[in-house]
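Asks: The lines below spell out each chain.
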Amino acid sequence: MRVGLFVTCLADMMRPSIGFAALQLLQRAGCEVVVPQTQTCCGQPGWNAGDKPAAGALAQKLIGEFADCDYVVLPSGSCAGMIKTHYAELLDDSPLWQSRAAALSARTYELSDFLVSVLKVATVPGQYRGCVTYHDACSGLRELGIKAQPRQLLGLLPGLRLAEMADCETCCGFGGAFSVKFGDISAKMADSKCEHVQQMVQQQGASAVVLGDLGCMLNIEGRLRACGDTNTAVLHWAEVLAGKQGVVTESMSEPEA
Amino acid sequence: MQIQSMHFKARAGAKLADQVLQQNLKTFKGKFVGARAAAVADFNTIGDWEAVRSAGAAIRQRTLQQLDVWIERFEAEATRRGATVLFAEDGAEAAQLLLQICQQHGVKKLVKSKSMVSEEASLNQVLSEAGVTPVETDLGEYILQIKDNEPPSHIIAPALHLNKDEVADLFERVHGTPRKTVIEDMTREAREQLRGHFLSADMGVSGGNFLVAETGSVAIVTNEGNGRMVTTLPPVHVAITGIEKVVPTLEDLSTLLRLLPRSATGQAISNYVSLLTGRRGAQDQDGPQHMYFILVDNGRTGLLGGDMQPMLQCIRCGACMNHCPVYQTVGGHAYGWVYPGPMGSVLTPAFQGLEQALDLPHAATLCGACSVACPVQIPLPDLLRRLRQQQTEAGLRPWRERLALRAWAWLALRPRLYAVITGLAMHALRTLRDRHQMIGHLPFVPGWRGGGPNHLARSMPAPRSAQRFLSRYQQLQHGQSRTSQ
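Protein sequence lines, in the order shown, are assigned to chains A and B.
Just so you know, the first sequence maps onto residues 1 to 257 in our numbering.
Just so you know, the second sequence maps onto residues 1001 to 1485 in our numbering.
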């Protein structure tokens, strides 16, 4: 099974450990993982800003790069949602590209969904001792139905206890360009999210908030730290499953052979 | 109502700084959301909510496909039952039509039940200037009217931005009565104030939740009973509503009535559901001697057949704003026109013009909570995105934003250059990090920090590694496992 990993531009730059965690989880489950070196951005910034041509060119590039893969897997509900639910409309000027987009969409999965629904993963390499809370990122949740999958996977870690915070499905306020166009509103929304995280820290002894999208991660961690919380970890669930949490990291662990 | 939507950002900033409002919004936040969720769960024990949503959406879509036909049918049926049906091209014409009816019947005072379309028409202002006294009888609208005609901040709970103490102060000052703090006492006081108006008014003006084509009826959904008094006590009843509110049959109405109150307030049914058909007949004990409909276009036909047509499916329940995290954060007044929240961010530019509300389509995280809650499946995030496209195509976006997007796309299409530039950017960001791996002030992107009132600041986590994933991966692939710093 040839699986193309699209690591996403944000993970590539801001948090490479997520890419390696994804790689490890896929390889461990027996996938032949290919990582096209020319991959960059899925085009979502342009699409959401109303610049269809800019987004379309990037969509065509991505479709070409992953054409020979049986599956395309992304450690992000937002970017996976972009491909699965928006590419066909984005490329609707050309029937050829639209059909290529539809074909790729059908083979595209968010990582947790792929691990659970396709690979039916039953064991994971990581270890975690303690309590975490989970934030449901919007696009994954509402465009792709990512809700049970990451929780099921986290449930495979015997030492991990999940304490659900209030309003876990409420947007953290990131919203891509929204976070800089309306920084005050965005930060206030992040603040509400962080209040719920703090409740879990205080009431349940949670040591981390776990999630599945980079945008939310930057937003929530950014607000938590600005509030003076330097202890609560903000982790991608794939990092937790692969045992890469807390690797703050100059020494990136290597992918398994 | 004078549009202020172009000042969204400044207005939102002021709302963020308003501590009382922030507390009121916090109190409100979970209420409608929780009530709706409970009502939907309850409904699912006897039926299938999603199936009813689909049925509701289908009814609205089917009606809009032949809106002209159903409006004509409505007009014919209503006329046959003794009502007069008038059409207004815009809000100003609607107000003028109402004034003419007032003159014809010598109306000096009218009582009103809730109508958002009357806000589109600035009705109260026009009436007052012409010497006709309008009295709002919906409790929320009444509170706002005596509070110097403040505009509503929510389409079904207009005074949602106020708390009990603020209303207690207002009543004490305006009514000149001892201050009351028990809600039942305050409601009683408002009733006592309104009772005389109901009995002495020359006309009743209502909105209309739906118009039923096959019977020429208007359906009105209320919780306070004021709607019944407004439409039956005075000798003249005028229903003002949008042309898109028509539904073909009573059967269709019953489907939509299953959706509306559950989505709005979480009620299985509202306290009062009134179906008003024609003027008082010879056999009738009560009802108005004269009945008029003013059906307002005000931009609606412009949406037919275009990208924004799905917005005309809206049944004005308010679920989208109740579930919107941005609305929950800044409240309804920030949006600057009649309709706030996600539906308002679509309707305002659609009715008033793109350039009148440049910020609104962007003032959303596209989180999708609105479209999941919408009882008639309006794809609100898609419509907001479509409006963003229309702004871009019309050249209405700032050049810096256009340049940034184009530069990013240009770079991302050139992987080798992209690798170099993003590598340099990572390096630059890492030099700015503190010992907690955070960047306090992100250069070139001041908006990220937030700040504003109450020091709502936000840091930016620095890149966690010195190398991008892709370059590190490539290195490992080539067997060079040297860790670079």
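Treat the hints as calculated values from the structure; they're not laboratory data.
Accuracy of the hints is not assured; some may be wrong.
Subject to a maximum C-alpha distance of 20 Å in a straight line, what follows is the list of computed EDC-like cross-link-like pairs (lysine to aspartate or glutamate) [stated by the list, open to error]:
{"#": "1", "chain 1": "B", "residue 1": "K1164", "chain 2": "B", "residue 2": "E1189"}
{"#": "2", "chain 1": "B", "residue 1": "K1029", "chain 2": "B", "residue 2": "E1166"}
{"#": "3", "chain 1": "A", "residue 1": "K147", "chain 2": "A", "residue 2": "D167"}
{"#": "4", "chain 1": "B", "residue 1": "K1031", "chain 2": "A", "residue 2": "D93"}
{"#": "5", "chain 1": "B", "residue 1": "K1029", "chain 2": "A", "residue 2": "E32"}
{"#": "6", "chain 1": "B", "residue 1": "K1031", "chain 2": "A", "residue 2": "E195"}
Asks: Next, verify each hint and record whether it holds.
Replies: Quick rundown of the hints versus the structure:
This hinted pair checks out: K1164 of chain B and E1189 of chain B have alpha carbons roughly 14 Å apart, not beyond 20 Å. For the hint pairing K1029 of chain B with E1166 of chain B, the CA-to-CA distance comes to about 19 Å; that is within 20 Å, so the pair holds. With a C-alpha separation of about 13 Å, the suggested pairing of K147 of chain A with D167 of chain A holds against the 20 Å cut-off. This hinted pair does not check out: K1031 of chain B and D93 of chain A have alpha carbons roughly 44 Å apart, beyond 20 Å.
The suggested pairing of K1029 of chain B with E32 of chain A is violated, with an alpha-carbon distance near 47 Å, which exceeds 20 Å. For the hint linking K1031 of chain B to E195 of chain A, the alpha-carbon distance of about 18 Å falls within 20 Å, and the restraint holds.
When held up to the earlier numbered hints, the structure conflicts with 4 and 5 and fits the remainder.
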